[in-house]
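First to last, the sequence lines map onto chains A and S. Residues in the first sequence are numbered from 31 upward in steps of one, following the numbering used here. Residues in the second sequence are numbered from 31 upward in steps of one, following the numbering used here.
Treat each hint with caution, since some may be false.
Any copy, or any two copies together, can satisfy a pair, since identical chains are not distinguished.
[Stated by the list, open to error] With a cut-off of at most 30 Å between alpha-carbon atoms, the simulated BS3-like pairs for lysine-lysine come out as follows:
(1) K169 x K325
(2) K45 x K193
(3) K325 x K226
I should point out that these hints are in silico values taken from the structure, not numbers from a laboratory.
2 protein chains.
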Amino acid sequence: MGILVVGSVALDSVKTPAGAKTDVLGGSAMYFSVAASYFTDVSMVAVVGKDFPQEHIAFLQRKGIDASGLECRQGSTFRWKGEYGSDLNACTTLDTQLNVFADFSPKLLDTHRTLEYLFLGNIDPSLQRSVLEQMKRPKLVACDTMNYWISTARESLLQTLAKIDLLIINDGEARQLSGESNLVRAARIIRGMGPKALVIKRGEHGALLFNANSVFSAAAYPLEEVADPTGAGDSFAGGLMGYLAATDSADDAALRKAVVFGSVMASFNVMDFGPRKLGDLTFPEIEARFREFHKLSFFEDITVASAKSENIL
Amino acid sequence: MGILVVGSVALDSVKTPAGAKTDVLGGSAMYFSVAASYFTDVSMVAVVGKDFPQEHIAFLQRKGIDASGLECRQGSTFRWKGEYGSDLNACTTLDTQLNVFADFSPKLLDTHRTLEYLFLGNIDPSLQRSVLEQMKRPKLVACDTMNYWISTARESLLQTLAKIDLLIINDGEARQLSGESNLVRAARIIRGMGPKALVIKRGEHGALLFNANSVFSAAAYPLEEVADPTGAGDSFAGGLMGYLAATDSADDAALRKAVVFGSVMASFNVMDFGPRKLGDLTFPEIEARFREFHKLSFFEDITVASAKSENIL
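Chain A with its partners taken away, still in its complex shape:
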């Protein structure tokens, strides 16, 4: 099944303890699409300016991403500048130039209206709904948002949340949206707003999936080096939706595996700046890391006897 993603494509300037890069390819729709492209067909709807380098278009095409919905308008591409300190969970935005993204009003091509999996990246909730209204009848709609929309467009966001299946946000956003610091209670409140399932991303602490009758806690991959966390959340969403669309499933077992594939893609993404590592993977590498995640959190259930091996004594 194909996925449609609507969001940003940007040129990011990022400084982290591992280095600094200027005008690298960024944006939520880009990170999502590259991650999802390993699983299924992806079409992106986004906007860039006339200054957008042709090499980036070529990169997206090499990844098999349908960029026919990537509008190129008069003006400059969305630019974001940020800096991460030694606590890579916290980022300081130094500059945001929306440029052509300020007037982004997604118009879907006919070929996009019939896609069955839809990811609404972090844009104005009213634009998210305008995309939904242009779709024929998507099978699964997932959505992201951010602190800015939660505080400035809450009513509009609630209207969007009433129409989606799956919300993918971070722990800070979940607390802000619900007004509740305990994540179990926050999840219940948020699921009451509409989404049947909720994924709460917790950076280096992994992710939680709240579903009708179950909670799933996914570990984060214990990396020794993180070059650049930018795009981790969108890579996560891309891996997650990519797996669901590829298998055309959304039961509890599939959602759990999808959250792990999301964690896999995020763990690759943070290993280099921009989509350098994320864009340079093979599916066997992705499967191998999935198996490492399985090993990372595996323990025998209580009824199974321990096999004696590798005694630390």
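With chain A held as given, fit chain S onto it using these hints.
Just chain S now, kept in the frame of chain A:
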């Protein structure tokens, strides 16, 4: 196999968003012993003052804990006063009165010297070594410490670490001890100091186990209400050591299950003040929560087909 634990027994006054309690039974050796008592025989070595209520001794005896090593000296019992805000991971110590604990110099009874599992609670590293020297030949020695000893008695602590099998500390202590913020690198440095295995506790984010060739990430139980986090780390250590001693095993599979039993006991402990909940469990309840932990982090490996059920669509 029996366990010997050396640490504190205290009277705690604790304030949390859930309420406030004065002079409740506390201390590292107490929380550890109560948690471990569900798994195996536990003997504690600690000191209290003449003011220590007889009802607390009776409680320990009801839990089947050998308190023959609980010395009662002239003076007052160790008292600690602390307050937790809405972020239950952070605690402010309001008052510490060491009292008889200031001169604590553990003298082991002959019956204790031959025990095979030893837990050195958070006391002066030189006292930890004096306990080790009094033991005949323990099979597994685990140890805790804290920021105070890492900064004021580092050389002594390093001498202790060289002699132990398993170190159980929190993430802040791991970073401070190693001088390294990345926990994977921190774990390698700390294991280089002596401990064959390292468990890093991360509060509401679970725990990590670093072993010779493997890393295990255990989830924390998603609780809706936390009454009082005091003693969570010691309950964790008690459940962990209790399982290892009961099964007389320390291979990777056993250590992983032990970390989960530790998480189980900590999750019960924080549900009420002092050892009220922790001391009032049945083993079937403990097993049931272990199974909930298994379900919480379970996902199918990549080779297993998904069973279709509970589709969110």
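> Checking against the hints above, which ones are violated?
Replying inline: Hint 2 alone not satisfied by this model.
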